[in-house]
Each structure stands twice: as C-alpha cells, then as structure tokens.
Amino acid sequence: MKRALLLVFVGLVLAACQTTSARTINKLSSQSTEKVILVMPTDVELSELHASGLTTPHAEWTENARKHIDDALRNELTTHNARLIDYTKTADDEKRTSTQAQLQKLHGVVGATVFINHFNPNGKLPAKKEKFDWSLGPQAKVLKQRHNADYALFVYVRDSYATPSRVAAQVIGALLGVGIQGGVQFGFCSLVDLNSGDIVWFNYLARGHGDLRTQEPAVESVKELLLNFPT
Amino acid sequence: MWKAAAFVVSSLLLGGCVTGGSGAPKLTADQIDQKVESGDVDMQTLDSIVDTYEAGGDVYGLEGLEAGYRPALTSDEAGIWMRMEKLESSFKTSGGRVLRSDINTYVKTVVCKLAGPFCGDIRIYIIDEPVPNASMAPNGMMLVHTGILLQFRNESQLSAVLGHEIGHYLRRHSLQRIRQAVQIGDAATIFGMLTGGIGSMAAAIFTHGTLSAYSRDHEREADKFGALLLQRHGYSIRSASGVWDQFIRIENAKIDDDKEKYEGDEDVEVSKGGSFFSSHPGHKERRDTMRVLADRIQAGAGPYADGRKEYWAILKNYRLDLLEDEVNRNKPAQTLELLKILAEDPESLGELKYVEGEVYRRRRKDGDMEKALARYQEALKLDGYPAKLHRAMGTVLSRLDRPTEAKEAFQKYLEAAPDAPDNKLIRQMVNIGS
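As given, the protein sequences belong to chains A and B, one line each in that order. Numbering follows the numbering used here, in which position 73 of the first sequence is assigned residue number 73; successive positions increment by one, without gaps. Numbering follows the numbering used here, in which position 424 of the second sequence is assigned residue number 655; successive positions increment by one, without gaps.
So here's chain B without its partners, still in its complex pose (with noise of 0.2 angstroms):
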C-alpha cells in the first residue's frame, strides 16, 4: 500500500527559482496570501517575493502560515497531512533510515538555522539512498537522500537545496498541485467524455502538460526562497549555484552511461531531459537563475561563506560509505565525473583516488583492470586512503596474472587492517600461515 502511497507523493513531493525581470506590480502580504490560497502563484508573486525582501520585509511572514499550524480538520489540507503522517509514521519506523546522530544533527542545526521559526514544524529523515533527491511533504516531513549529500561540497549548497525544500512547505505548494490536479482533471474528464477519442487524447496531454509547468513554476519559486534564505544567513549564494553546474556536468556524463546500457537498442533514443512535461525546470536554468539572484541582491557586500569547512568536517566520516554506494548504482561515466568535481576540493584525494580505480575495477571493460592498478598506485602517493585499497590492488594483481605482487598487497593489507572481519578469508587465499 505504501508503495502507492509513496508513489502518489513522489508526484506531489516537491524538491527550485528564478528569471529576474522587474517591473512586475508589487504585491502586499495579503495579496500574496490571498494568491496563495486560490493556488494562482505566478513569476509576479515570484518577482514580488524578492522585491519584499529587498525592502527589507520579511520573508517567513509571505507565506501566511503561522509556526506549529495544523490545518482544520474539515479542510482538504487535512487530508493531505493524514496521509503523510501515515507515510512518515512508516519512514520513522524504516530500516532505510540513517541514525548516526552527527549527520543527523548537522542537517537538523541548519534547516533550523534557515527554516527560524519553522523550525519545530520541519521534521528530517535522512534516508540510505544512492539516488541523488530530497524532498519535502505537506505536512513538513523532510526526505533528504544520502546520495545528495555526496553531491554537496560545502554548506552553502547543502543550504540551498534545504532552503529549497522549506520553501515547499511554507508555500504550501503540494495543496496548490493537488488543488490544481483535481479542478483541471475534473475538467479534462468532462471536455474529453464529451468530445471522445482524439479529444480525450488532448485533454489528458494538456492536463499532464498544465500541471508539470505548474509544478515548475513551484520549483522556481522555492529556489528563489532557497536563495533568500542563503542571503539571510550570510552563505554565497553565486558557491550555491555551482551545485548546479555539478549537476549540469553529472547529466552531461549520464549521456554516455545511457549509451553503454542501451547500446544496440534502436527503440531507445538518449538523449538529455526538459520537455513540455518536466516537472523541474532544467539545471542550466536553474543555475543562470541563482547567478542572476547573486548578482542582484550579494552585489558587492560580503563576505559570504561557502561553509566548505563546516561541511567537510561531517562529511568526512561518511563519505567513503557514500562514495562505494554510489560505485554500486553502476553508472561509471557520472561516478567519474562526480569524483573529478569533488577533487577540486583538497582533502582525501588519496580517497577518491582509490574509489576512481574502482570504478574500473567493477567495470571490467578491456584495459580496466590497468587503469584501477595506476588509479591504486596513485591513491598510495595522497592523503586519505583506505586500508581496503591494498586488497582492492591484490584482486587487481591476480587478475593482471601477477601472483607474487598480489601477495604481497594482500599482506600489505593484513598489515594494515588487522581487525578486518575479511582478514581469516585473505589469509586463506594467499596461504598466510596464521
């Protein structure tokens, strides 16, 4: 059951803002409430949000919830929130959950660091998932994938995507869709029945179409709040946007893992996303939007921070975990790419290092097998390799027909990792009398 549960909200979980134009009518709070209510937000209210804040107004009041708002009982919002609350009561209770408190405490202090006086109405599951996503629900329970994390190389990105996601909730955009889903599908049913077969085919395209364009003026909505709230706290909102160039880059890559895995398909055409029926707006506009909203409102002023250190110093503890569980989703092109935007920042290189030697270890095509042995030789002259690395150049060396190398790896790697619970079974296989 959950899984159509999680399936309906995947559509109605939110996980974006932009185009500058000025010159749009100013609107008061009232105004902006009384849009929000009727679910009619558009790039006005958008470009108002922004003119708000640069009057100095305050950007929690626009949404018109109060902190700890429950929704009455009569109202369709309620619904909605009993439905979450059941899926929520099932994440608390999921083995996909990550515990450890130090990354759970981290993610916490900063959504309540920009989400204020929300704070006590924001609730975070951060969740064992190599699929780079968060998303929030109506009811304030925030999805935060591990996956994502990785993606991250400093705290104002992580800031901006959270910003993101709170921006959802106060906006109440999950109620508008719904509410939009149901007038519009309403509708279509009724012109489609009456007109039939090719009209009915119209209705459900432009139904589809109408409520992916809504959804991504809501994505461009939140990342403007996502903006403006990097700005409240002093982050750099222009380090944020590089998020997006990370991401632009990873989707450049995905082309050639797409390639690989539907070579010699002809009913499959790769190609990039973005379409009539996108929920999101695309990464690069993503991005250019960020750049435009950096230029607008931290022109000149500063310093803001990028959180680099902040980051790093929660990041560190985890991110081999991550970076092996992003190996086994088996898309080498966006691991490479990945790890190549992650070495531009200096710490564990010998980290990365190792796990690009991975990468074509687990790939296997003709000549992997040398380029994870020179990525291994490499790794040992940096900082921050596993000990697993020598074991790693072990399986490597036997493959390579190397056998007295790879023995003497595998001690290297009993030496170094003593403890490891693999230990009795390597010392099997190189015949390492105990």
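Here chain A stands alone, though its shape is the one from the complex (with noise of 0.2 angstroms):
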C-alpha cells in the first residue's frame, strides 16, 4: 500500500521539481577527537518493470547495485572528514528483542513518512510548521554505544527497469498519445546523530533516469543521494 502511495508521490514530486533536503547542522560534530560515521546496511532493491506494471525484484542487479552504491558512498564521503565504519550483521539482529534491529526497522518507517510528509506538497503536517523535526528516539544510543560512532547513515534506493515489453507499450502508447511511465529510480538517505536519534540530514531521489547496475552511473546517483550532506 505504501510503496503504491510513494510511487505517487514521486510522480507528483517530479512535477514540482523543488529541493530535495533537508538538514538541521551544517557541521558534523564529535566529543572525540574523529567523526565516526556508522553505515546500515543499504537498503536496495532492483526490479524488471512489465508491461502492465507489474515489477519482478532482480538479484543479480541487485546485488550489482549494492556493490556499486556501497564503493561510491565510501568514495564520496572520504571528503567529508569523517571515519566510517560498516554496520555488521550479528545473530542478535534475528532477535526480537534486538535494538538494533527493531531501530532499522523504525527508520525504514521514519525515512518513508519524512518522505511523505515533509518533502510531498499534499502531505505536509500543518503541526509541524514546515520545521524539520524528525527523529528515532533515544534509543539510538545504542548503536553508538556498540559501534562508538557518532552518526548512522541509512540508504534506501529502489530502481525499476522496463522490459522490452514495456518499451512496446511505450511505442504504443506514444503512438496513440497516452503517456506511459518508465523505469523509476527513487532513493532517500538520512543521517541520524547518534547522542539524540534526530535525522539531521535527509536527502531523497526519484526520478525516470539513471542506471544503477553499472559503476559510473551509480556514482552519479549516489552523488546526487548525498546531495548537502553536512561536512
């Protein structure tokens, strides 16, 4: 249901073509001496896009993909002053009782209403007056207690590709005069402070372009991802 209502929105918010982040610092900050960035587990997914619409996950390109964004993610942020570390899966994380893994799921929540509410026109919360105020919560003080990090980052990317089935329709489509959608690539990330599980970043893509099963086109996407983020 949701992914339905985000792919709406992306379509509207590709309209409206306005700024796509939000930050509430412009510094990265630590009580050491080193920024440490904790990174999650990327969260992606590549699909076929059929002709009726109907997406089909891809794992190969997935996997492709989630090399390629990790590499350039890694690449990018060098500039930034900061040290990253990987966030590694433990047997805890298939816990029920896992902080960690409940903080993953939350944020998989967080991230999408951000999204939903703060960036889409029609979603706005009058209560929230336009003010940038999201957050995890202070349970996120346990990822820093347990990687010695200051901030987590989380990325979420989804990119569809259409069959050449879906390209006939397209044809089709265009010769009739009926506009028919293509592959659709749509991301967000958001850097969480660790002290508060405040988003102080957030930065979203979506757009009907890009390719993120080869290297170079990925590191232009992720460039894009990262758009803002604080030095």
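Please note that the accuracy of each hint is not assured.
[Stated by the list, open to error] Lysine-lysine pairs mimicking DSSO-like chemistry, simulated, CA-CA at most 30 angstroms apart: (1) LYS124/A x LYS89/A; (2) LYS141/A x LYS323/B; (3) LYS655/B x LYS223/A; (4) LYS317/B x LYS95/A; (5) LYS638/B x LYS67/A; (6) LYS95/A x LYS344/B; (7) LYS655/B x LYS638/B; (8) LYS95/A x LYS323/B.
Hints were generated in silico from the structure; no laboratory data involved.
Fit the two chains together into the complex; they arrive one by one in their own frames, and the hints show the way.
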C-alpha cells in the first residue's frame, strides 16, 4: 500500500521539481577528535518493470547495485573528514528483542514518513509548521554505544527498468498519445545523530533515468543522493 | 514498505486438491519437471501425481527440487527469493511472532516428519493472529496463524494443512504464478491498449479471472500433495477432511455475522463467496476431494491415526488464550459454531462453556446477560473452567442487578486466583477489606 503511495508521490514530486534535501546541522561534530559515521546495511532492490506495470525483483542487478552504491558512498564521504565504519550483522539481529534490528525497521517507517509528509506538498503536516524535526528517539544511543559512532547513515534505494514488452507498450502508447511511465529510480538517505536519535540530514532522489547496474551511473546517483551532506 | 510487499506477497503466498478422474496419460518424472518449469501444470499432472504415488513412486522426487536448493543468482526465481528473504527478516523480529518453545517445537516436528529431506529448507513462523490462515512463501518461509491452530481438532488436520503448504513450496507454485502473471499481464496490456475502452476492461477481467483459475489449480494440487503426505505418514485422510466440514459450518455462520454487520446497508449483498475470481476452490470441493482420495488410497488398509492425543497435549496449554483472541474478533455466530465443533471432543468442556458465556456477555443483545449466566453455571459443573469464570459471573450478576450474588462470585474469584493482577481492583470493587 505504502509503495503505491510512494509511486504516486514520486510522480507528483517529479512534476513539482523542488528541493530534495533538509538538514538541521551544517557541520558534523564529535565529542572525541574523530567523527565516526556508522553506515547501515544499504536497503536496495532493483526490478524489471513489465508491460502491465508489474515489477519483479532482480537479484543479480541488486547485488551489483549494492556493491556500486557502497563503494561510491565510501568514495564520496572520504572528503567529509569523517571515518566510516560498516554495520555488521550479528546473530542478535535475528531476535525480536534486538534494539539494533528494531531501529532499522523504525528507520524504514520514519524515512518514508519524512518523504511523504515533509517533501510532498500534499502531505504536509500542519502541526509541523514546515519545521524539520524527525527522530528515531533516544534508543538510537544503543548504536552509539555498540559501535562507538557519532552518526548512522541509512540508505534506501529502489530502481526499476522497463522490459522490452514495457518499451513496446510505451511505443504503442506514444503512437496513441498516451504517456506510459518507464523505469523509476527512487531513493532516500538520512543521517541520524546517535546522541539524540534525531535525523539531522535527509535527502531523496526521484527520477525517470539513471542506472545502478553499472558503476559509473551509480556513482552519479550516489552523488545526487548525498547532496548537501553536512561537511 | 513492508505492508506493500506483504500485500504483493499475500497474493503470492499460497495456502489445496482434487478431482479423481482417472484415465489421464501417465507422465514420467522428467515430463512433470518440464511442465513445472514451463508453468504448464494442469489436472493431468495432478492425476499423474496420484498415479505415480500408487505405483510406488517417490512423492518428494516429483518436483525437481533438491533439498538445500537455492536458485541461480541470474534467475527470476532468485529475485523472488530475495524479496521474500527481506520479508522473512522482518517476520523474524516481529512482535507478532509466538516465541513459546513447546508449540514451535511441535509444529516444526510435524513439518519435518512430513517434509522429510526438505525439513531444513522450511522455516516456520507462528504468528499471533486470530484469522485462521497459513501460507508458504517461495523461499520456504511458512507462516502459521494461531487462529488456524484453534480450528484443528487433531494432528491429521494440522498435517493436511502443513502438507498442503509444503506442496506449494516443493511444486514452486509462487514462481509459476509470477511467471504467468507477467506473461498474461503483458499480453492483456498490449491487447487492451490496442482495443481501448471495453477491450481494456475485458483484458483486465480476463487477466484476473485466468490468474485466479490458475491459482485454484495450484490449491487443488497442493491439497492432493497434502493428502499423499498424510498417507505416507499413516494419518487418516478422512479424519483430516473433517477440517473442511468444520470450515463449511463456520462459513455458513459467517452469513449471520455479516447480516448483523451490514444490517440496513442496502449496498451490501450478503452471500457466500466463490466465483470466477476466487483464489481457492470452495471448501465443499476441497472436502469432497479429500474424501475421494481417502477412498482411493486408504481403502481397507489401516489403521490410520487422527493424532488427537498428540495435538491436545500441546493445544491444551494454549486453547483458552486462542479462544479469547477468537472472541475478540467480534464474530459471535462464527465463534459459537466453532465452540460447537470443538465440544465434539471431550476435553475441558468447562472451558468451552465459559467462552460461550463470554460470547454472550460481550455481544450484549437483549437477554444475552441471562444466556451468559446460564453458560457459566453449566461450565461450573464441567471440567476445565478457568478461575476468571467467577469474575465474569460477578460482572454479569452486577449487570442483572443481583449485587449479593455478584459479591459472592467476586469473592470466589479472589479465592480461586489470589495472585491475579486485578486482585486489588476487584477487592475495591466489592469493598472487601484486605
């Protein structure tokens, strides 16, 4: 259901073409000398888009995209004067009682909510008064304690590619004067301050082009995703 | 996001089988594999499964899957598994998961018995959800709702459903359905665009209807698979078929609940389901098929077990919790019918009578408090009623304006459950000094 909503919003936002990021800090900070960012497992899925609009996930593309994104993130963020560490899954992550696992699920919900209710003009929450204040809550401290990190970076990406049958439908549509959407690249990332759990920077990407299956265009997508990242 | 995924999945998750019909040409295991690969599974294949089985063939060998199988990374199947694995990791850490070890161990043991060499490929998640259902994802993630555990009377009924789900996995029904959906969807889209208007509507109806029919065939095949696994492990197929009789009775009661719910709403026509668009065959067809199979492969020989003793040994620790969840669904006619069904077994009848009283107490129609009280009084003469019966009785007596008796009932509750968390509250309510 949410995905359907998102897709609708992607269409709206593409048309509106407005700013795609928000932040509450300009500079990264740390109590110690070194600023450490914990990179959470990238949530990525690449799919084929069929003529009917049905999408089927593609495992090989997804694996490649994950690698390209992770590499590009690393390269891009080296210029930000912070040390990156990877989140490594443990057996504890499979347990219901794992705060770390629950925080990742929570971010999935909060991130989508930020996108829908902060950036989409029709989804604005009046009580927020345009203020960007979103948080995962104080439990985020658990990540700080476990990993000795100041921030956590969450990345969510979905990308789809038209199959030949979809392309055929697009061609027929064009002849008949009907616009049929091709593949869509959609993603968002957020930086969470692990002292407070607050999202201090958020940016999204929603467009009808790009290709995460190969390295070069993937680097370009990641650059777009990291727009206005705090220095 | 997971809601969306779950929605997509629920249309892909499978929860079936049938028609006797002999005389179909017999297929070799290789030919069946080919059919499965191409997505062309029909009733002939179903019959061939039974034929192969009757000829002493290996049921497990039919599906072309090997134990420990994982799809190649480049295949469409790998993509589907990838999505399911994500969903599975969210179920693993879900607050809705039942973690109690006895029920988990028990269901796992039955699945392993039925699935044989594929035991390690199937992971079971018992979900605290009163809507009776079970489903299988293409990667071997099996979901079992607590609500369906309440519906079974014995291990053969549980095994029929688990065997059905295992059948979906081994026959890769999800994969077949997704391929079919892509193919038919592609063709219908182009056809609809070219013809426009009524043509696109016809294409949409055709697509939905065809996919539903395809789904029903898979359910039938899985039902057949379930029956064969029952036979292999010495369970009575006829006893298992009783689960469909039970579902039919509850489905009939559903009409009463729906009438109540939609009373005065002229837009809603209350009727039983079952149509061109149904994803599953009707309960009656499924029961009849099981009976035909029972006659065909369990004629004479025996004895076949129903596994009531084994099932009750586990369920007795849970049943009251599950019954209370059932009452909370607020479907009184269906719950009362279920209670009648469960009362056909002799254990803990007082517990069932108490819950019957609860249905009336919660429904609160005219005369329901009197009905509730009568059920509690009957329960007191039977085995297995819980201490909280006295509390419910106190509440009902208060409502009926019988304060002295109400006080007595609450006092009995405090005596019977001195450590209950609401002990102090009840004391205060009835003004009993501590």
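Going through the hints against the structure:
Of the pairs offered as hints, the one joining LYS124/A and LYS89/A is violated, with about 35 angstroms between alpha carbons and a cut-off of 30 angstroms exceeded. Distance restraint check for LYS141/A and LYS323/B: the Cα-Cα separation of roughly 23 angstroms lies within the 30 angstroms cut-off, and the hinted pair is therefore satisfied. Between the alpha carbons of LYS655/B and LYS223/A the distance comes to roughly 63 angstroms, so the proposed pair goes past 30 angstroms and is violated. Our distance criterion of 30 angstroms between C-alpha atoms is met by LYS317/B and LYS95/A, whose separation comes to about 15 angstroms.
Between LYS638/B and LYS67/A, the direct Cα distance comes to roughly 70 angstroms. Violation of the 30 angstroms bound is thereby established for this hinted pair. Among the hinted pairs, LYS95/A with LYS344/B is consistent with the structure: their alpha-carbon atoms are about 26 angstroms apart, no more than 30 angstroms. A C-alpha spacing of about 14 angstroms is found between LYS655/B and LYS638/B, which places the hinted pair at or below 30 angstroms, so the restraint holds. Between LYS95/A and LYS323/B, the direct Cα distance comes to roughly 7 angstroms. Compliance with the 30 angstroms bound is thereby established for this hinted pair.
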